[in-house]
Structures are given as C-alpha cells and as structure tokens.
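*Asks:* Letter by letter, the chains look like this.
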Amino acid sequence: MSATTTSSLLELQQVTKQFGTTTVLQPTDLQVRRGEVVCVIGPSGSGKSTLLRCVNFIAPPSTGTIVFDGAEYKPPTDHRWVPALGMSEEKRLTRLRSEIGMVFQQFNVFPHLTVRENVALGCRKTCGLSRAQANERALAELTRVGMAEKADAYPERLSGGQKQRVAIARALALDPKLMLFDEATSALDPELVNGILAIMRELAEGGMTMMVVTHEMRFAMEVADRVIFMDRGAIVEEGTPEQFKAPQHERTQTFLRSINHG
Amino acid sequence: MTTLFAALDFGPVWEMRSELLKGIGNMALIAVVSFALAIVGGLLLAGMRQSRSRPIAWGGFLLIQFLRGIALYVLLLWMFFGLASAGGFQFQPIPAGILALSLLNSAYLAEIFRAGYEAVPTGQKEAAMACGLPRRTWFFRIHLPQVTQITLPAMGNVFVDIIKDTSILSAIGVTELLRESQRWAQFYQLPFEFYTAAALIYLAIVTLVTFGWRRLERRAGRHLQTQATVRRSRSLLFGIGARSETAPAP
Numbered sequence: 029m030s031a032t033t034t035s036s037l038l039e040l041q042q043v044t045k046q047f048g049t050t051t052v053l054q055p056t057d058l059q060v061r062r063g064e065v066v067c068v069i070g071p072s073g074s075g076k077s078t079l080l081r082c083v084n085f086i087a088p089p090s091t092g093t094i095v096f097d098g099a100e101y102k103p104p105t106d107h108r109w110v111p112a113l114g115m116s117e118e119k120r121l122t123r124l125r126s127e128i129g130m131v132f133q134q135f136n137v138f139p140h141l142t143v144r145e146n147v148a149l150g151c152r153k154t155c156g157l158s159r160a161q162a163n164e165r166a167l168a169e170l171t172r173v174g175m176a177e178k179a180d181a182y183p184e185r186l187s188g189g190q191k192q193r194v195a196i197a198r199a200l201a202l203d204p205k206l207m208l209f210d211e212a213t214s215a216l217d218p219e220l221v222n223g224i225l226a227i228m229r230e231l232a233e234g235g236m237t238m239m240v241v242t243h244e245m246r247f248a249m250e251v252a253d254r255v256i257f258m259d260r261g262a263i264v265e266e267g268t269p270e271q272f273k274a275p276q277h278e279r280t281q282t283f284l285r286s287i288n289h290g
Numbered sequence: 002m003t004t005l006f007a008a009l010d011f012g013p014v015w016e017m018r019s020e021l022l023k024g025i026g027n028m029a030l031i032a033v034v035s036f037a038l039a040i041v042g043g044l045l046l047a048g049m050r051q052s053r054s055r056p057i058a059w060g061g062f063l064l065i066q067f068l069r070g071i072a073l074y075v076l077l078l079w080m081f082f083g084l085a086s087a088g089g090f091q092f093q094p095i096p097a098g099i100l101a102l103s104l105l106n107s108a109y110l111a112e113i114f115r116a117g118y119e120a121v122p123t124g125q126k127e128a129a130m131a132c133g134l135p136r137r138t139w140f141f142r143i144h145l146p147q148v149t150q151i152t153l154p155a156m157g158n159v160f161v162d163i164i165k166d167t168s169i170l171s172a173i174g175v176t177e178l179l180r181e182s183q184r185w186a187q188f189y190q191l192p193f194e195f196y197t198a199a200a201l202i203y204l205a206i207v208t209l210v211t212f213g214w215r216r217l218e219r220r221a222g223r224h225l226q227t228q229a230t231v232r233r234s235r236s237l238l239f240g241i242g243a244r245s246e247t248a249p250a251p
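Chains A and B, in that order, give the protein sequences. Per this note's numbering, the first sequence starts with residue 29, numbered consecutively. Per this note's numbering, the second sequence starts with residue 2, numbered consecutively.
Fair warning: there could be bad hints in the mix.
[Unchecked claim] Partial pick of chain B residues on the chain A-facing surface, computed with a CB cut under 8 Å:
1. GLN51
2. ARG55
3. PRO56
4. ALA120
5. GLY124
6. MET130
7. CYS132
8. LEU134
9. PRO135
10. THR138
11. ILE143
12. PRO146
[Unchecked claim] Over 10 Å on every C-beta distance to chain A, these chain B residues come out as not near it, computed from the model:
13. LYS23
14. ILE40
15. GLY70
16. SER86
17. GLU127
18. GLN150
19. TRP214
[As the list claims (entries may be wrong)] Which stretches of chain A does chain B cover? Using the computed rule of at least three CB atoms under 8 Å from a CB of chain B, they are:
20. 149-156
21. 195-207
Worth flagging that the hints you see were computed from the coordinates, not collected in a lab. Think of the CB as a built atom: it goes at the ideal place given N, C-alpha and C, for glycine as much as any other residue.
Please work from the sequences and hints to get the whole structure.
*Replies:* Set out below in structure tokens:
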C-alpha cells in the first residue's frame with residue numbers, strides 16, 4: 029500500500045455517485061500517478077464527466093474514498109439542519125479544489141469580469157497574492173495560452189476558442205497538481221479545436237498530471253499514457269493507447285468502430 | 002372645452018410650491034430609505050429561501066408568503082391606529098410608513114432575487130468551486146454581480162411602485178406630496194388644480210427615475226457587447242453609473 033500512496037497522486041477507492049435512485053457511477057477504483065495523462069473515453073451518459081466531478085468534489089461522490097496527494101477525502105455529510113457544522117469540511121474541500129484545475133466543456137468563464145480578472149481572482153483568493161502579484165501571474169498565464177493582448181476584454185467579445193484559453197489560464201494560474209479536462213473541445217468549432225489540443229499537449233509534455241475526458245481519439249492515442257473506456261457508469265476497459273488499438277472488450281470495439289467511421 | 006377650463010386657476014399651486022416641494026422631499030426620503038431597506042430584506046429573505054438548512058428555508062418561504070398577502074393600506078392602519086389602541090405603542094407616521102413599505106416590498110424583491118439566482122447558469126458556481134474560491138467569494142464576486150444584472154429591470158419596477166405607494170402614507174398623516182396637495186386643495190377649494198399638479202409631479206419623477214435606472218442597467222451590463230456604450234453625462238440623475246470603460250492595461 030505504501031508504494032501506491034507515494035507514487036500515485038490520486039486514488040479513487042470504491043467511489044460511487046447516485047442522483048436520487050439513479051446510479052451514474054458504479055463503484056470505481058482508479059489510480060493516477062504523478063505526471064500521468066489519463067484519457068477517459070466513452071459514449072455520452074457513461075459517467076465520464078461525473079467521474080471527473082467526483083474527483084474535485086464539485087459533485088461529491090455518494091460513497092467511497094478519494095486520496096489526493098496523501099490526504100483522504102470522504103463524501104461530505106449533508107447538514108440539512110445546521111449547515112454551519114459542515115464548515116471545516118467545506119474548507120478542506122475548498123483547499124483540495126484549489127490544487128486541482130478544471131476546464132469545462134462550456135468554458136464557464138465569468139462574464140462580468142475581464143479576462144485578466146477572471147484569471148487573477150482565484151490567485152488572490154486562494155493563493156493569497158496581492159492584487160499586483162495576481163495581475164502579474166494572470167498576465168504570465170495568459171501569455172502562455174496566447175491571450176495576453178485580450179487581457180482587458182470582456183469574455184463576451186471572445187470566440188469560443190479564446191474563452192477556453194482563458195479558462196485554461198484560469199485553472200493553471202493556481203499552479204494545480206492535477207488538471208481535469210471535461211470535453212474541453214466539444215463545444216468548439218472544428219477549426220479552433222487544434223489550438224486547444226496543442227495547449228493540452230504542451231501541458232502534458234511539461235509533466236502535468238491530467239485526466240482528460242475527450243472524444244478526440246487521435247489526441248487520446250498520441251498523448252495519453254493510459255486510456256480508460258467507460259460505459260453505463262463503470263470502467264469497462266483500461267490500458268495503454270497501444271492496447272486500445274486492439275481492444276479486448278466487445279463494447280469497446282463497437283464504440284471505437286462507431287466513432288472512427290461515424 | 003374652453004368655457005369649462007376657463008375658470009382654472011393654477012396660481013395658488015405655484016404659490017404653494019415650497020410646501021409641495023417639502024412633500025416631494027419627504028416622498029423621496031421615504032421612497033429611497035424604504036427601497037434600500039427592502040433590498041436588504043429581500044436579499045435576506047431570498048437567502049433564507051435558498052438556505053441549505055431546512056428550517057431556515059421554510060421560515061423564509063412562510064415569511065415571504067405572509068408578507069405578500071398583506072395589503073399596504075391595511076398594514077399601515079393596523080400599525081398606526083391598531084397597535085396604538087391595543088398595544089399602547091404609538092408609531093411616528095414616517096417610521097411606520099417606511100417600515101410598512103420596506104417589509105412588503107422586501108417580499109416582492111425576494112421573489113425577484115430568487116428568480117435571478119436561478120437564472121445564473123450553474124456552470125458559474127461549478128467554475129468558482131473548481132477555482133477553489135471560498136463560498137463567500139463565489140457569492141459576492143461571482144454570483145451577486147450576475148444576479149444584480151439580471152434583476153435590475155425588475156428592481157426598477159419595484160422602486161417605481163414604492164414611489165407611487167408613498168401616496169398611501171397620507172392616510173396616516175405623513176406629509177408627503179399627496180397629503181400636501183390634499184391640504185391645499187381643500188384650503189383653496191381648487192381640487193382639480195392641485196390634484197392635477199400632484200399627478201404630473203408623480204409622472205415626472207417616475208419618468209426621471211426610469212431613465213436614470215436605465216443608465217444603471219446599462220452600466221451593470223457593460224460587459225455585454227450588445228449594450229450601447231454609456232456616454233458621459235454631467236446631469237445629476239442621468240449621470241448615474243456613467244463612467245468610462247475599464248482603465249487600459251498598465
């Protein structure tokens with residue numbers, strides 16, 4: 029056990045997620061090593077996004093344990109009568125989230141803040157940087173994704189690809205140990221997809237630990253250290269991209285065939 | 002027509018302008034203070050309704066339902082005359098009016114705020130959480146500004162309602178615009194002239210407020226490309242919120 033805890037950054041133990049009576053995530057075990065890039069593929073509704081949302085407790089798991097960087101996190105108790113009781117637990121989760129960056133399909137940039145403020149706000153509130161330091165950091169991150177010249181624009185004036193770049197910069201500004209990409213390119217025009225993928229590729233080469241939910245099979249095959257195929261809320265098959273060229277499971281085969289020729 | 006209106010005499014209205022102005026001053030004071038208190042109350046009530054704590058959420062729901070079901074006129078008479086006779090507590094007219102107006106309108110604003118809360122995409126909260134922002138930062142820096150932008154038009158309506166509803170306060174002897182007009186209409190025996198003047202003054206004030214409010218709305222929505230840019234204006238009311246675009250990068 030000690031070997032796994034030191035080498036793996038993230039470990040999911042029997043994590044499940046239910047919404048009411050529907051189970052969207054069957055008991056799942058997963059380990060992600062430091063520096064590893066894990067791509068999660070599968071049909072829609074298979075629980076890929078839910079898996080990612082459980083990791084940073086945006087949608088807290090119903091049962092199970094998540095170990096991140098040596099610390100254990102359990103599903104928070106729902107204090108319906110006295111919410112103040114949940115404060116310390118919530119603070120701990122807030123700290124966890126500040127160590128995990130997330131990029132969404134719908135970008136979710138803050139529309140009422142300028143590009144720079146979008147990126148700087150997190151730095152100021154979670155890393156305790158001063159306004160000037162945060163702005164400096166924000167500008168550095170924006171330069172990295174090629175958005176520095178738009179620092180004072182409002183997101184409304186940006187294209188989808190540009191919004192997503194801002195969202196990536198916003199996540200990176202917190203210097204996360206793990207990056208989650210939830211179909212980061214699915215809402216983009218085909219022309220803009222490659223720009224975002226290039227940024228993600230660069231990140232992966234820089235040694236960032238990443239979990240990527242994607243439909244871009246070529247990206248998954250080239251960048252991933254490990255590919256996970258999910259269906260109906262469970263991991264069906266996992267292996268290296270090499271192994272995924274000749275998948276074992278029948279469901280995986282049909283899925284890959286349908287997206288390659290569909 | 003001419004013979005009918007030939008006898009009109011607006012002279013006394015003009016003579017009494019300082020009295021009417023005093024009435025307008027009281028009206029403005031009551032309307033602004035009530036509106037401010039109603040916003041605070043509305044936020045509290047909406048917050049209660051949204052609370053994760055069940056008892057607080059229920060309490061908020063009951064309070065809103067209760068306050069929405071009360072008529073302003075009835076509440077005023079009850080507070081001012083009813084409480085005085087049975088409870089031995091005599092309100093001053095203006096505080097009673099402000100309390101009644103802000104209580105009832107906070108319930109309306111709470112419903113408006115709740116609709117605004119729900120209109121902000123859930124992705125905004127998720128993104129704030131994912132950025133490791135604490136709850137209060139999410140609420141004050143991400144959520145509330147967007148709720149404000151969404152709810153401003155409806156809030157403007159409530160403000161206009163409050164302004165007009167101050168006239169009901171004349172029933173408990175608050176010397177606002179209508180009360181003053183009534184007084185001088187009786188004194189001079191010129192009801193048509195004084196009530197016409199009062200009506201026009203209400204209309205003018207509401208129009209001014211509406212235009213000023215539109216400025217505020219534009220400022221709140223300045224991040225939206227489709228909005229016309231706010232031009233600078235030196236006038237008192239039309240200048241509300243007029244400010245140049247964000248300063249360029251240093």
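*Asks:* Quick one: work out the minimum CB distance from B:GLN150 to chain A and report holds if it exceeds 10 Å, violated otherwise.
*Replies:* violated (7 Å)
*Asks:* Under the criterion of a CB-CB separation shorter than 8 Å, is B:GLY124 in contact with chain A as hinted?
*Replies:* holds (4 Å)
*Asks:* Classify the label on B:GLY70 as holds or violated, using whether its beta-carbon is more than 10 Å from each beta-carbon of chain A.
*Replies:* holds (28 Å)
*Asks:* Verify that the Cβ of B:GLU127 lies farther than 10 Å from every Cβ atom of chain A, and report whether the claim holds or is violated.
*Replies:* B:GLU127 is in fact no farther than 10 Å from some Cβ atom of chain A, at 5 Å.
*Asks:* Should the label of B:LYS23 as a non-interface residue stand, given a Cβ cut-off of 10 Å to chain A?
*Replies:* holds (41 Å)
*Asks:* Are three or more residues of the region 149-156 of chain A within 8 Å, CB to CB, of chain B?
*Replies:* holds (count 4)
*Asks:* Could you check if B:GLN51 really has its C-beta closer than 8 Å to a C-beta on chain A?
*Replies:* violated (11 Å)
*Asks:* Is the interface hint for B:PRO146 satisfied, with its Cβ closer than 8 Å to some Cβ of chain A?
*Replies:* holds (5 Å)
*Asks:* Take the shortest C-beta to C-beta distance between B:CYS132 and chain A; is it under 8 Å?
*Replies:* holds (4 Å)
*Asks:* Are B:PRO135 and chain A close enough, Cβ to Cβ, to be under 8 Å, as the hint says?
*Replies:* This interface hint holds because 6 Å falls under the 8 Å limit.
*Asks:* Report holds or violated for the interface hint on B:MET130, using the least CB-CB distance to chain A and a cut-off of 8 Å.
*Replies:* holds (5 Å)
*Asks:* Could you check if B:ARG55 really has its C-beta closer than 8 Å to a C-beta on chain A?
*Replies:* Cβ of B:ARG55 sits 5 Å from chain A, so the hint holds.
Consistency note: the structure conflicts with the earlier hints numbered 1, 4, 17, 18.
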